[in-house]
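Protein chains in written order, with my numbering: chain A, 5 to 467; chain B, 5 to 467; chain C, 21 to 159; chain D, 21 to 159.
No lab work stands behind these hints, which were simulated from the structure alone. Note that this is a predicted model, so its numbers are computed, not measured. The reader is advised that the hints may include incorrect statements.
Below are the SDA-like pairs computed for lysine to any residue, each with C-alpha atoms no more than 20 Å apart in a straight line [what the hints assert, rightly or not]:
no.: 1; chain 1: D; residue 1: LYS155; chain 2: B; residue 2: ASP377
no.: 2; chain 1: B; residue 1: LYS35; chain 2: D; residue 2: LYS155
no.: 3; chain 1: A; residue 1: LYS421; chain 2: A; residue 2: GLU300
no.: 4; chain 1: C; residue 1: LYS88; chain 2: A; residue 2: ILE260
no.: 5; chain 1: B; residue 1: LYS421; chain 2: B; residue 2: HIS327
no.: 6; chain 1: D; residue 1: LYS156; chain 2: B; residue 2: GLU31
no.: 7; chain 1: C; residue 1: LYS88; chain 2: A; residue 2: LYS421
no.: 8; chain 1: B; residue 1: LYS80; chain 2: D; residue 2: LYS155
no.: 9; chain 1: C; residue 1: LYS156; chain 2: A; residue 2: SER298
no.: 10; chain 1: C; residue 1: LYS155; chain 2: A; residue 2: ASP377
no.: 11; chain 1: D; residue 1: LYS88; chain 2: C; residue 2: LYS155
no.: 12; chain 1: B; residue 1: LYS79; chain 2: B; residue 2: GLU364
no.: 13; chain 1: C; residue 1: LYS88; chain 2: D; residue 2: TYR83
no.: 14; chain 1: B; residue 1: LYS344; chain 2: B; residue 2: ASN379
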Amino acid sequence: MIGISLFAYLVAGIFFIMALRGLSSPETARKGNFLGVLGMLIAGVTTLTEPVIKDYSWIIYGIAIGGIIGTVIAKKVKMTSLPQLVAIFNSLVGLAAVFIAFSAFLLPEAYGIGESGNISVGSLVEMSLGMVIGAVTFTGSVVAFAKLQGLLTGNPIIFPLQQLLNLIFAITIILLLVLFAGNQSGLVFAILALVTLIFGILIIIPIGGADMPVVISMLNSYSGFAAVGVGFTLHNSLLIITGALVGASGAILSYIMCKAMNRSFTSVILGGFGAEAKSANDDDGDEKIAKAGSAEDVAFIMKNSSKVIIVPGYGMAVAQAQHAVREMADLLKKEGVEVKYAIHPVAGRMPGHMNVLLAEANVPYDEVFELEDINSEFSSTDVVCVIGANDVVNPKAKTDEGCAIYGMPVLDVDKAKTVVFIKRSLASGYAGIDNPLFYADKTLMLFGGAKKMTEEINRSMEG
Amino acid sequence: MIGISLFAYLVAGIFFIMALRGLSSPETARKGNFLGVLGMLIAGVTTLTEPVIKDYSWIIYGIAIGGIIGTVIAKKVKMTSLPQLVAIFNSLVGLAAVFIAFSAFLLPEAYGIGESGNISVGSLVEMSLGMVIGAVTFTGSVVAFAKLQGLLTGNPIIFPLQQLLNLIFAITIILLLVLFAGNQSGLVFAILALVTLIFGILIIIPIGGADMPVVISMLNSYSGFAAVGVGFTLHNSLLIITGALVGASGAILSYIMCKAMNRSFTSVILGGFGAEAKSANDDDGDEKIAKAGSAEDVAFIMKNSSKVIIVPGYGMAVAQAQHAVREMADLLKKEGVEVKYAIHPVAGRMPGHMNVLLAEANVPYDEVFELEDINSEFSSTDVVCVIGANDVVNPKAKTDEGCAIYGMPVLDVDKAKTVVFIKRSLASGYAGIDNPLFYADKTLMLFGGAKKMTEEINRSMEG
Amino acid sequence: MKGHDVVGNAHGVADMAETLAVNTKVLANDVSMLSSQTQEVVSSGSEFWLLMTIFVLACFVGYYVVWKVTPALHSPLMAVTNAISSVIIVGALIATGPILVTTSKIFGFIAVILSSIAIFGGFVVSHRMLSMFKKKKVR
Amino acid sequence: MKGHDVVGNAHGVADMAETLAVNTKVLANDVSMLSSQTQEVVSSGSEFWLLMTIFVLACFVGYYVVWKVTPALHSPLMAVTNAISSVIIVGALIATGPILVTTSKIFGFIAVILSSIAIFGGFVVSHRMLSMFKKKKVR
Ligand SMILES: NC(=O)c1ccc[n+]([C@@H]2O[C@H](COP(=O)([O-])OP(=O)(O)OC[C@H]3O[C@@H](n4cnc5c(N)ncnc54)[C@H](OP(=O)(O)O)[C@@H]3O)[C@@H](O)[C@H]2O)c1
Ligand SMILES: NC(=O)c1ccc[n+]([C@@H]2O[C@H](COP(=O)([O-])OP(=O)(O)OC[C@H]3O[C@@H](n4cnc5c(N)ncnc54)[C@H](OP(=O)(O)O)[C@@H]3O)[C@@H](O)[C@H]2O)c1
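Kindly generate the complete structure, drawing on both the sequences and the hints.
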C-alpha cells in the first residue's frame with residue numbers, strides 16, 4: 005500500500021515536470037498541460053485511497069465548489085487581467101497552506117506525525133515554516149491584487165521607520181516560531197499566524213503598483229516553498245518536488261524581469277520605486293518638438309513600405325487593441341507588406357503578456373519575435389509601428405548613463421527608416437523617463453487611444 | 005550521526021552535479037573538476053567515519069596503491085589513446101561493482117541489509133542487478149580496450165547463431181537471478197557472475213573496432229547504472245545520484261555520436277558494421293582523376309589567401325600531427341592570413357577528441373569552431389586544409405541518397421574556393437565510402453603522412 | 021517445612037514476582053522506546069535527509085526546466101505553476117477525511133475549496149491561453 | 021492462616037509469576053516484532069521509493085546538465101564521469117573496514133584499489149586535458 009502510493013506520487017511528480025517541459029514550445033504546451041492535469045488526478049486519487057480518509061462527502065462538495073468557482077473565474081477572466089488572476093490564485097494556495105498547517109497541528113494522528121500535544125520538534129518547525137510562508141503569500145498576494153486591480157493606490161505606501169517595523173516583525177516571527185516549537189501551544193501558533201499575516205501586508209505595501217509583476221512572481225515562488233513546507237510536515241515527496249518546481253519557476257521569472265528592467269531584486273523588494281518615477285516625470289524635454297501625424301498619414305506610409313514591424317506595449321494591453329492591431333497587419337499583408345511583431349521581455353505588465361494577447365487576436369506565433377531574434381532586423385525595416393509601448397524602445401537605455409534604465413536591453417527601433425508611435429500623449433511610461441525618440445526627425449506621433457487610432461488607420465487603409 | 009552523513013552525501017552529490025555543470029564552458033571547467041575532487045573527498049571521509057569501519061590500514065594501502073597507479077597512468081597516457089583509457093577505467097569501475105556486490109552478499113551485516121543467509125529478497129535483487137551490470141561493463145570494456153589497442157582485431161567477430169546464443173545467455177542470466185533471489189545460494193551467485201562476464205564479451209565482440217567509441221560511451225553509462233544498483237543495495241543516495249548522472253552522460257554521448265554518424269543505436273549494438281564497410285571500399289571511383297600537388301604548392305596557395313580553415317580528422321590524431329598543424333597556423337597568421345579550425349562532432353575516434361588534441365598543441369579554444377558555428381563560413385573561405393579527415397567532409401552525405409552516411413551533417417568544405425587534402429592515399433575513411441571531393445576541380449591532394457606533410461609545408465613557408 | 025518458612029518463601033516468591041513485574045514493565049518500556057527510537061532514527065533522521073535530497077534535486081530540475089520555457093509562454097507558465105502548487109490539496113484531503121466533524125476537518129474543508137479553485141482555475145486558464153497560440157496556416 | 025492455605029497462596033503466586041514471565045516474553049517478542057516491522061515498513065517500503073524518487077530526479081538533472089556540456093569538452097566529460105562513478109568506493113570501504121580478515125574484506129580491498137585507480141586516474145587526466153584548454157592571449 006505505502007509502496008504503491010509512493011510510486012503514484014512519483015509518477016505524478018514526473019508528470020508535473022513534463023508539464024513544465026512541455027512549455028518549452030507552443031507545439032508541445034497543450035500536451036504538457038494535459039499531463040499536468042493527469043498528474044493532479046493521480047495525486048488526488050492516491051490520497052483518497054489512504055486509510056485515514058473515511059468520509060468522502062465533504063471532500064466531494066469541497067472539490068465541486070472549488071472546481072466550479074475556479075473554472076468560472078478562469079473562463080470569464082479577461083486576458084488583460086492575467087496578473088490579477090495569478091495574484092488571486094497565489095493567495096488561495098497560501099491560505100490553503102495556512103489551514104492545512106493548522107489541521108496538521110490539531111490532528112497530527114491523521115498525518116502520522118505523533119499525537120496532539122506530543123508532536124516532534126522537527127514536525128513543529130516544518131509545519132510552522134509552511135504556515136508562515138503560506139501566510140505571507142496569502143496577504144502579500146491580496147495586497148498585490150488590490151494594487152493591480154486599482155482597489156489600493158498603485159503608489160508605494162511609505163511611512164517613517166517602515167524598515168525598522170518590518171525588522172521587528174521578522175524577529176517576532178522567529179521568536180514565536182521558536183516558542184511554538186518549544187511548547188507547542190495552539191495559542192502561540194495562532195498568534196504566529198496573525199503576526200505573519202500582518203507581516204505579509206507590511207512587506208508588499210511599500211512596493212509600487214508597477215513593480216507588482218515581480219512581486220507576484222516572487223509570491224508565486226513563495227507559494228511553492230509553502231508547499232515544500234507542508235510536504236516536509238506530511239513527509240510527502242510529491243509536495244516537495246512540486247513545491248521546488250514552482251519555487252524555481254517564480255524565482256527565475258522574477259530574475260528575468262529584474263534583469264530585463266535592469267534593476268536589482270533587492271531594490272524592487274525594498275520598494276518605493278514608483279514614487280521616484282512619478283517625480284522624475286515632468287522635468288525635461290520642454291524645448292523639443294514632436295511631429296504629430298494623422299491616422300491617414302500613418303496608413304499611407306505603412307501601405308507604401310515593404311516591411312513593417314509592430315511593437316506592442318502596455319498601452320495596447322490597456323486599450324485592448326490587439327484585435328484591431330491584428331486587422332491592421334492583415335490589411336498590410338494584403339497590400340504585399342511584410343509584417344512582423346517584436347516583443348520585448350518586459351513589454352506589458354507580466355512576462356509573456358503580449359504574446360498571450362496577440363495569440364488571443366489570432367496572430368500566429370511564428371510571426372512574433374523575441375528581442376534577440378529580431379533586433380538585427382530593424383535596420384532593414386521601413387516602418388516600425390510602436391503601439392502603447394515606451395520604455396522598451398527608449399534609446400536612452402543605450403546612451404544615457406545617468407538614467408534609471410541605462411543598460412536595459414531595448415528594441416533598436418531607432419535604426420528603422422520611420423518610427424510611428426501610437427499613444428495618447430508625450431507622457432513617459434512605467435519608468436518615468438522621457439523618450440528622446442518622440443522628437444527625432446524620423447518619428448511620427450499619432451496621438452490617441454491605441455484601439456481607436458488603430459481602427460482609424462484600418463478604416464483609411466480599407467477606404 | 006546518520007543525519008550528518010546523509011547531509012554530507014547530499015553535499016557530495018551537489019558537488020558532482022556542479023562538476024558536470026562546470027564543463028559547460030572551458031572557463032569554468034577546471035573549477036568544476038576541483039569541485040568533483042572535493043565531492044569525492046567528502047564522500048570518502050564521511051564513509052570512513054561510519055562505525056563499521058574499524059581497521060584503516062588496508063584502506064590506506066588500497067587507496068595508496070590505486071591512487072599511485074591511477075595517477076601514473078593518467079600522467080603518462082598519450083592524448084591519442086584517450087578512448088583506451090576511458091575503456092580501462094570503465095572496466096575497473098565495473099569490476100569493483102562486482103566485488104562490492106560479493107562483499108555485500110558475504111557480509112550483509114556491515115551494510116545493514118540483514119544477516120548472512122537471511123537477506124531480504126529486495127536487497128538480493130538489487131545486489132545482483134548491480135553485480136550483473138558491473139560484470140557486463142567489466143568484460144565489455146576489456147574487449148573494447150583490446151579492439152582499440154589492436155590486441156584484438158578491429159573487425160567484427162561474427163559467427164553463426166550469434167544472436168541466438170546471446171538470447172540464451174540473457175535468459176539464463178534472468179533465470180539465475182530469480183533463482184538466487186529465491187535461495188540466496190553463494191554458488192548460484194558465483195555462476196551468475198561467471199555467465200554474465202562471458203555475456204559481456206559476447207555482446208561486444210561482434211561490434212567493429214571503429215564503433216568502439218559508441219560502445220565505450222554506452223559502457224560508461226552502464227558503469228553508472230552499476231553504481232545505482234550498488235547504491236540501492238547499500239541504501240546510499242549519493243551512489244544513486246552519481247550513478248544516474250553518469251548513466252545519463254554515457255547515454256547522451258552515445259546518442260550524440262549515433263546522430264552525428266547518422267546511424268541508429270541498435271544498428272551499432274547489433275554489430276557487424278565494419279565488415280560491410282570494408283567491402284564497400286573498393287568498388288567505385290576508378291575512372292576519375294585526382295590532382296596531386298606538392299607541399300610547396302600547398303604552402304604557396306595558403307600563403308597567398310586571406311582566409312584558411314583547417315579541418316582535422318582521425319588521420320591527424322593517428323599521425324600526432326597536432327603540433328605541426330598549430331605551427332602551420334602560426335606561420336599563416338604571421339603572413340596575415342585569417343586561420344580558423346572547424347571540428348565535426350565525430351571527427352576523430354571519440355567525442356571532443358580533436359578539441360583536446362588541438363588544445364594540447366596550444367591552439368586557443370576560441371579559434372576552434374563546431375560544425376553549426378562555422379558551416380556558413382566555408383563559402384567565404386579561400387582554402388580549406390583537410391588534414392587526415394574524410395567522412396566528415398564527404399559531400400555524398402548531402403547528395404547520394406543510397407550511401408550509408410546519407411543525411412549525416414557534414415562540413416561544407418566543398419563550398420570553399422580551394423580544398424587541400426593531406427592524407428596518404430585516395431583510400432576511404434571509417435565509413436568506407438569513396439569521397440567524390442578528391443576528384444573535384446577545386447581540390448588538390450597532398451599525399452603523405454599528416455605530420456610529415458605538414459612539416460614540409462611549414463619548411464617551405466619558412467624558407 | 022515450617023509455617024514461617026513457607027510464609028517466608030511465599031514472601032520471597034511475591035517479591036520476585038514484583039521484581040519480575042517491574043522488570044517486565046521496564047523491559048516493555050525499553051523495547052517500546054527502542055521501537056520508537058528505531059522509527060525515529062529511520063523516519064526522522066534518514067527520512068528527513070532523503071526528503072531534503074529530493075528537494076535539492078527537484079530544485080535543480082526546476083531550474084533547468086523553467087529556463088527552457090520559451091519566453092512567449094511565461095504567462096501560461098505562471099498559471100500552470102499556480103495549478104500544480106495547489107497539489108497541497110493532498111494535505112487538505114487528509115484533514116477532511118475523518119468522519120468526526122472537528123475544527124481540523126472544517127479547516128481541511130476550507131483548504132480543499134481554496135486549492136480546488138486554484139487547481140481548476142490554473143489549468144483551465146492556461147489551457148485557454150495555450151489554445152490561442154496558433155501557427156500560421158494557409159487561409 | 022492455615023499451612024496449606026499459605027502453600028496454596030504461594031503456589032498461586034508462583035503460577036502468577038510464571039504466567040507473568042510468559043506474558044513478558046510474549047510482550048517482549050511482540051514489541052520487538054513490532055519494532056522490526058516498523059523498521060521494515062519505513063525502511064523497505066518507504067525508503068525504497070524515496071530512493072527511487074531520488075534516482076528519477078537525478079536522471080532528469082543528469083539529462084539537463086550533460087546536454088549543457090559544450091561538445092569541445094566531451095572527452096574530459098568522459099574522464100570525469102569515470103572518476104565520479106567510482107564513488108562506489110564507498111561500498112568497498114565498508115567491506116574493507118572490519119578487523120577480521122574474511123573473503124569479504126579481501127574483495128573489498130581489491131575493489132578499493134580498482135576504484136581508486138579510476139578516481140585518481142579520471143580526475144588527473146581530466147585536469148590534464150582541461151589545463152590545456154587556453155584562450156587566445158596576446159603573445
Ligand atoms: N512585462 C513585465 O513583466 C513587467 C514587469 C514589471 C515592470 N514592467 C515594466 O513595464 C514597462 C513596460 O514597457 P512598455 O513599453 O510596454 O510600457 P510603458 O513604458 O509603461 O509605456 C506604456 C505607454 O503606453 C501608453 N498608453 C497607456 N494607455 C494607453 C492607451 N489606452 N492607448 C495608447 N497608449 C497608451 C502610455 O503613454 P500615454 O500615457 O502617452 O498614452 C505609456 O507611455 C517597462 O518599463 C517594464 O520595466 C514590465
Ligand atoms: N569521433 C567519434 O566520436 C566517432 C565515434 C565513432 C565513429 N566515428 C567515425 O569516425 C569517422 C571520423 O571521420 P574523420 O573524417 O575524422 O576520419 P575518417 O573518415 O575515418 O578518415 C580518416 C582519414 O585519415 C587518413 N589517415 C589515416 N592515417 C593517416 C596519417 N597518418 N596521415 C594522414 N592521413 C591519415 C585516412 O586516409 P589515408 O588512409 O588515405 O591516409 C582516412 O581516410 C566518421 O566516419 C565517424 O562516424 C567517430
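Comparing the hints with the structure gives:
no., hint, verdict
1, D:LYS155 <-> B:ASP377, "holds (18 Å)"
2, B:LYS35 <-> D:LYS155, "holds (16 Å)"
3, A:LYS421 <-> A:GLU300, "holds (19 Å)"
4, C:LYS88 <-> A:ILE260, "holds (13 Å)"
5, B:LYS421 <-> B:HIS327, "violated (26 Å)"
6, D:LYS156 <-> B:GLU31, "holds (12 Å)"
7, C:LYS88 <-> A:LYS421, "violated (35 Å)"
8, B:LYS80 <-> D:LYS155, "violated (25 Å)"
9, C:LYS156 <-> A:SER298, "violated (31 Å)"
10, C:LYS155 <-> A:ASP377, "holds (18 Å)"
11, D:LYS88 <-> C:LYS155, "violated (29 Å)"
12, B:LYS79 <-> B:GLU364, "holds (13 Å)"
13, C:LYS88 <-> D:TYR83, "holds (13 Å)"
14, B:LYS344 <-> B:ASN379, "holds (12 Å)"
Violated hints, listed in ascending order, are 5, 7, 8, 9 and 11; each of the other numbered hints is respected by the structure.
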